[in-house]
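Colleague: When you get a sec, could you build the whole thing from the sequences and use the hints?
There are 2 protein chains.
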Amino acid sequence: MSSVPADFTNVTAVAKANVYFDGKVVSHTILLPDNSKKTLGLIYAGEYHFGTDKAERMEIVAGVCEVKIKGSDSKCIYEAGQYFDVPAKSGFDIAVSSGICEYICSFID
Amino acid sequence: MSSVPADFTNVTAVAKANVYFDGKVVSHTILLPDNSKKTLGLIYAGEYHFGTDKAERMEIVAGVCEVKIKGSDSKCIYEAGQYFDVPAKSGFDIAVSSGICEYICSFID
Numbered sequence: 006m007s008s009v010p011a012d013f014t015n016v017t018a019v020a021k022a023n024v025y026f027d028g029k030v031v032s033h034t035i036l037l038p039d040n041s042k043k044t045l046g047l048i049y050a051g052e053y054h055f056g057t058d059k060a061e062r063m064e065i066v067a068g069v070c071e072v073k074i075k076g077s078d079s080k081c082i083y084e085a086g087q088y089f090d091v092p093a094k095s096g097f098d099i100a101v102s103s104g105i106c107e108y109i110c111s112f113i114d
Numbered sequence: 006m007s008s009v010p011a012d013f014t015n016v017t018a019v020a021k022a023n024v025y026f027d028g029k030v031v032s033h034t035i036l037l038p039d040n041s042k043k044t045l046g047l048i049y050a051g052e053y054h055f056g057t058d059k060a061e062r063m064e065i066v067a068g069v070c071e072v073k074i075k076g077s078d079s080k081c082i083y084e085a086g087q088y089f090d091v092p093a094k095s096g097f098d099i100a101v102s103s104g105i106c107e108y109i110c111s112f113i114d
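Taken in order, these protein sequences are the chains called W and L.
The opening residue of the first sequence carries number 6 in our numbering; numbering runs sequentially from there.
The opening residue of the second sequence carries number 6 in our numbering; numbering runs sequentially from there.
Just so you know, these hints were derived from the structure itself, not from any lab.
Model, not experiment: these values are computed from the prediction.
Certain hints may be false.
Among chain W residues calculated to face chain L with C-beta under 8 Å, some are [what the hints assert, rightly or not]:
id, residue
1, Pro10
2, Val16
3, Val19
4, Val30
5, Ile35
6, Thr44
7, Leu47
8, Glu107
Beta carbons: idealized from backbone N, C-alpha and C, even for Gly.
Modeller: See below:
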């Protein structure tokens with residue numbers, strides 16, 4: 006049983022992708038009716054650090070990743086159907102050992 | 006002056022990506038209010054063949070690609086702001102020599 010939404014209705018989809026780490030992390034932005042923003046993304050194998058401005062919820066749509074939130078001592082594994090939250094003005098390390106990890110990133114005010 | 010739309014409003018965005026060629030070509034699907042379908046995609050460096058069922062219009066959002074439509078003798082270069090059409094029940098070869106080529110694919114009835 007997955008808690009991750011399959012789709013988002015009545016949104017504006019931005020055609021240009023967001024490209025990070027030479028394309029190892031890419032996403033498309035959607036704007037929801039309440040003006041909140043999400044990105045639908047893919048992370049290829051590798052290790053990456055992202056800083057946060059707003060707080061973020063990362064929902065895993067496919068694949069597996071290993072995550073260490075800034076200030077935490079523990080690394081946690083997340084797979085399809087699971088999510089993790091990152092505080093504002095913080096950051097996280099995320100590693101994908103093989104394949105592609107797909108996510109929905111929600112920005113939380 | 007680009008003829009390529011920057012965004013699409015009032016659509017349904019599918020969270021799960023479409024992944025082809027081990028992730029060298031990926032896209033997110035959007036469903037428009039008229040029930041037509043588009044995909045917002047990225048093509049990493051390489052050469053790929055796609056068959057078409059419906060006719061397709063490929064609009065280039067970023068980057069450059071070299072395209073040979075099935076049955077055509079010529080290869081053509083397309084870059085951001087340009088598009089090419091592919092007939093139904095046909096196909097095309099597309100090559101990206103470096104970087105990432107981003108596209109909007111529209112399926113035409």
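Colleague: Which of the listed hints are not met by the structure?
Modeller: 4, 6
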